[in-house]
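Put chains B, C and D on the given structure of chain A with help from the hints.
4 protein chains.
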Amino acid sequence: MLHFENDYGEGAHPEILRRLAETNLVSQTGYGDDAYSVSAREKIRKAVGHPEADVYFISGGTQTNQLVISSMLRPYEGVVSAVTGHVNAHEAGAIESTGHKVLALPGKDGKLQAETLRAFLEAFYADDAHDHMVFPGMVYISYPTEYGTLYSKAELSALHGICKKYGMPLFVDGARLGYGLMSPGADLTLPELADLCDVFYIGGTKVGALLGEAVVFPKGDAPAHFFTMIKQRGALLAKGRVLGLQFDALFTDDLYFRISGDAVRQAGKLKKMLLEKGYELFLDSPTNQQFVVLPDEKAAELKEKVVYSFWEKPDENHTVVRFATSWATTDEKLEALRALL
Amino acid sequence: MLHFENDYGEGAHPEILRRLAETNLVSQTGYGDDAYSVSAREKIRKAVGHPEADVYFISGGTQTNQLVISSMLRPYEGVVSAVTGHVNAHEAGAIESTGHKVLALPGKDGKLQAETLRAFLEAFYADDAHDHMVFPGMVYISYPTEYGTLYSKAELSALHGICKKYGMPLFVDGARLGYGLMSPGADLTLPELADLCDVFYIGGTKVGALLGEAVVFPKGDAPAHFFTMIKQRGALLAKGRVLGLQFDALFTDDLYFRISGDAVRQAGKLKKMLLEKGYELFLDSPTNQQFVVLPDEKAAELKEKVVYSFWEKPDENHTVVRFATSWATTDEKLEALRALL
Amino acid sequence: MLHFENDYGEGAHPEILRRLAETNLVSQTGYGDDAYSVSAREKIRKAVGHPEADVYFISGGTQTNQLVISSMLRPYEGVVSAVTGHVNAHEAGAIESTGHKVLALPGKDGKLQAETLRAFLEAFYADDAHDHMVFPGMVYISYPTEYGTLYSKAELSALHGICKKYGMPLFVDGARLGYGLMSPGADLTLPELADLCDVFYIGGTKVGALLGEAVVFPKGDAPAHFFTMIKQRGALLAKGRVLGLQFDALFTDDLYFRISGDAVRQAGKLKKMLLEKGYELFLDSPTNQQFVVLPDEKAAELKEKVVYSFWEKPDENHTVVRFATSWATTDEKLEALRALL
Amino acid sequence: MLHFENDYGEGAHPEILRRLAETNLVSQTGYGDDAYSVSAREKIRKAVGHPEADVYFISGGTQTNQLVISSMLRPYEGVVSAVTGHVNAHEAGAIESTGHKVLALPGKDGKLQAETLRAFLEAFYADDAHDHMVFPGMVYISYPTEYGTLYSKAELSALHGICKKYGMPLFVDGARLGYGLMSPGADLTLPELADLCDVFYIGGTKVGALLGEAVVFPKGDAPAHFFTMIKQRGALLAKGRVLGLQFDALFTDDLYFRISGDAVRQAGKLKKMLLEKGYELFLDSPTNQQFVVLPDEKAAELKEKVVYSFWEKPDENHTVVRFATSWATTDEKLEALRALL
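Chains as they are written, first to last, in the numbering used here: chain A, 1385 to 1725; chain B, 1385 to 1725; chain C, 1385 to 1725; chain D, 1385 to 1725.
Be aware that one or more of the hints could be misleading.
In this list, chains with the same sequence are indistinguishable; a pair is considered to hold if it fits within one copy or across any two.
[Stated by the list, open to error] With a cut-off of at most 27 Å between alpha-carbon atoms, the simulated DSSO-like pairs for lysine-lysine come out as follows:
1. K1427 - K1697
2. K1697 - K1492
3. K1492 - K1548
4. K1661 - K1697
5. K1549 - K1697
6. K1537 - K1430
7. K1653 - K1689
8. K1682 - K1655
No lab work stands behind these hints: they were computed from the structure. Here the structure is a predicted model, which is why all the values come from computation and not from measurement.
One chain only, chain A, in its complex shape (with noise of 0.2 Å):
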């Protein structure tokens, strides 16, 4: 079997491993007090051009958007989010579970429009009863977004200056934040990201190792006792080593950036490919995501030989797909894909 199922499929980049193995039998701090947490900390201080900035280490990135949403927030407010954000549909109710409701705004591709974000909140405010309702208390967005698109820099300035407006942190999900920067679609730094939010995390399970997210503050201003909170959503590891040392991998020499920009090659070698065999996209994606739409005999007939992601029914006959790529796509993957389309 082929697999093109998701980016998180196979174990880690093998650098990652190499440097387990290499520093296993050092003896070191737990809790995120280790010399790789350290390192790793400082390294991406440097990379997000704020060497004032907060960083943590986290294991799964459901925990890290519940964590940082639900120390952010006050008990009268809610987070704002495309109805199709990661946190408003796939999380099983963790931002509520907490205490706070998901205010789910329309998104377009998988995008919160400062429009939309604009006219609800000038809305909420000029509603007589709008201290009988959640207050908007901070805007969750993801980059790129869970159907692979992407903000540009306009559209996250237009987002981040409504958010200072009324008040409210600006939050990036980076699950995927590397395919993201990487893109020929992007016009976006890491640093410009950065000073374009409040709060954002580094995605590591999906882009090359075993687990992982780091929560960057760019401002140096996480939350009081935010370590304390780590411990009580049971999100804070003993051997904290085995994420610092993994970031502390994918900060050195670049290795974030080169696992990410391979993928979303080969990410666009599949597009490619796709389009010359004749298939339709079911939208335009520039990263290591892409969504196509497949006569349903053709779905099943792949299915036999390939795992992919099933997405959606447009129609009676059709079925939309999701193939993603990561640092293990190698270019045989794709030409045995390619005699299978």
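Chains B, C and D in isolation, oriented as in the chain A frame:
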């Protein structure tokens, strides 16, 4: 520096790293349905003597406690624990953050006595106003306890009997389970422990894994949709293989028990060494954690060359410190310590 | 000023005050075990045609919704509601504050359509990833709705049938229940409504009481220890008699239905008056709330002499306002309004 | 039967009922903006000597405690209370249900000693692992306590000083505040109490009202959007006038203090009566609750004719019972009791 401060200072047992490397490029399904997790579950079911058991892998201990307890209690219930229980003392309110009170009862050397539990329950139900109070909904104990001590089979049976009488599940936190089962002070096997409780977990993080705990419902009666609650608590790893594979390795050729037995034997040597040198033990632990009372000067002197855990100040001139052993505690390390004592 | 802004602007129906004065010096047990609460429960059981019903008195509607929903859902479940449902829109996140998501579906004139519910449930369970999502655990509707509209017996039966099929309780918010049941537009009796849902409440605050709502579990299957959950949510009054006595009065000699019927009749006159004067209704409400579209100048002019509720701006030149009637809406008041229209 | 079991057995002080009847037909705005609430707030500001105070009316004590505490704590914080504190013992986990731990410290006669608090805080911050623990975020005490005892001005000042030093607000539960302030054992006035804490509430339910508590933030620094949090906790009455009017009545012509003073005087007579009859007091309460040790036969005999509260069994042959007085405790009732003692 000599490291004796805990049992999670190094990476993983080399066999685990070997297996991670060996399987790294194999594509697997995410979220715990991978072949390694499937295999590990099967091996654990055999080891606990319950082919019908439900087994889940979670990344850390606090997370496991939070998840198990919050998914088994009804809103009007709390969890009974010894005052010294990890859930009461050192988890930053993880249980309360899910809406449940920890009903803390006095213990003895870290253990909850059956008599204490029985008296509490009788008084609770005898109180006319008990429906204005938090109902005791389950009982939490740790094996070994936070003080390295062990419940005997008789003690565990007594607790279990009371729990059954009152319809409360008994939950055993086994963050260091192996060190208990392989202790010369233990009169319990793993299947016997499984018979004497309703849910427990097999700690990996502190017994040779990079991270990971295996929750076991021996009777196969995990709460409905436990998977979704794992997701909701942010405890579901995309690369579930990372946990599954480690437990597969730990439960192949008795690795878990060999690691535990070795560490307990080294702790026995350490204890003998301490006694020979004339030091007083704070309490008599038969497991891999040893607590010793040091004169303050000796504690200060040792600190130059040995990393240990500060435990408490029993009086003005003495300090209780903890030494812990693990798979990484070699005879050389012990001899080096002997020279300093 | 003429008051038409809501149905809770005055104190209580005089008969309720009379009963409060009459019984004031009688000593009674606290927390709902008083003789008046006991009697009121019995009368309500008769009125709903379920001698086995469990009945509890709560001080307000949001509190009742929060309590019923949070006590009936499991942690992985949310409550389905129309977007316009009170629990979704105007309770400041009361449901989410207990850890549960409101699964908001589009409605029609404030009503949740059976077809919408069915389609949502089918899509949910057909989704491979549904165990990463919040499970629909119960359905919330209001009768009358927030727009004064009513479900027909057929509509309610359809919703109830779907709920039964999926094992979800159906909860009816009856903050204004009497105005629904006594409406000429209703084809449901109270016992029929009780048969077609799993739990509902009989609103007192908006139907003549000082405060108070009566939660009814028609089949006598209130969640275990519901009393303790009332206490936990801060919803237990020490002087439970205050609620019990009011419901005893309301369910003596059909007072509840007489109050409701009178208000609905006055609303009918008001509606007729509005139509005669050539105003356009925003929607056709058969209950005590009437929604009318006013030219902005007329709305401004009226505002000088009448207190009404602003509802929304349908376009640049018009305003939708709400007029509500209650036991305190006399013919004189209506005639005074007519003069101003 | 003679009723001495509590101070909430009857309805309301007649003056309150009179005012309810008198104002019943006046239309008022909902949700606490009515003229009576506005007036009551002003009178309370004067009575507490803080014209800048924020005042809110809530329907019950547990609800008030839950609301104040949950709105003032951050997620990593808990509330410190004596073990016997109402929030720890008899509120069914209301505080924990909002995600916060009650940090229970041993008390003396129901009081939290300054020395106990200081020692706890010093030990907490001295503990290397304190960031793995729940931070003490505020202090809760009751005045009078659950045992009818009172803090002296010196004791309250000492607690307040410690709270200030550690940046923790001090919250005084005044469910029976009047009975404390009007006690011959009190050396505190209401303005002095307001000066020595950060937030407190003036209990109405147990001091002559049908229901209602007035939360006071003396410095006018209520948490942002406290109104919305009242709504979210289900604690906002549509007919806020019901609470406002009662407090307006209670703070007109010192009614609150007259009710309290009368009850305390009757309790003094009762205490004298008990001592004259040779009964032993369980503890020396200067307020409206009296605790007496009865031989079991006497307790059983009295039970035939007197309703009292069972408190505890101090030994096999005795029972501690509570007698409480209120505005409804007449001299005739006391004399009837005397005949039975």
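Cross-check of the supplied hints:
1. In the homo-oligomer, the alpha carbons of K1427 and K1697 never lie at most 27 Å apart, since the shortest distance is 44 Å inside one protomer and 40 Å across protomers.
2. In this assembly of identical chains, the alpha carbons of K1697 and K1492 lie at most 27 Å apart whether taken from the same copy (18 Å) or from different copies (26 Å).
3. Taking the shortest Cα distances, K1492 and K1548 sit within 27 Å of each other inside one copy (22 Å), while across copies they are farther apart (36 Å).
4. Taking CA atoms no more than 27 Å apart as the test, K1661 paired with K1697 passes inside one copy only; the shortest distance there is 21 Å, against 52 Å between copies.
5. For a Cα distance limit of 27 Å, the shortest separation of K1549 from K1697 across copies, 25 Å, qualifies, whereas the shortest one inside one copy, 40 Å, does not.
6. Taking the shortest alpha-carbon separations for K1537 and K1430, only the intra-copy value of 21 Å comes in at or below 27 Å, while the best inter-copy value is 56 Å.
7. In this assembly of identical chains, the alpha carbons of K1653 and K1689 lie at most 27 Å apart only when taken from the same copy (20 Å versus 57 Å across copies).
8. Taking the closest pair of Cα atoms, K1682 and K1655 come within 27 Å of each other only inside a single copy of the chain (17 Å); across copies the shortest separation is 60 Å, beyond that limit.
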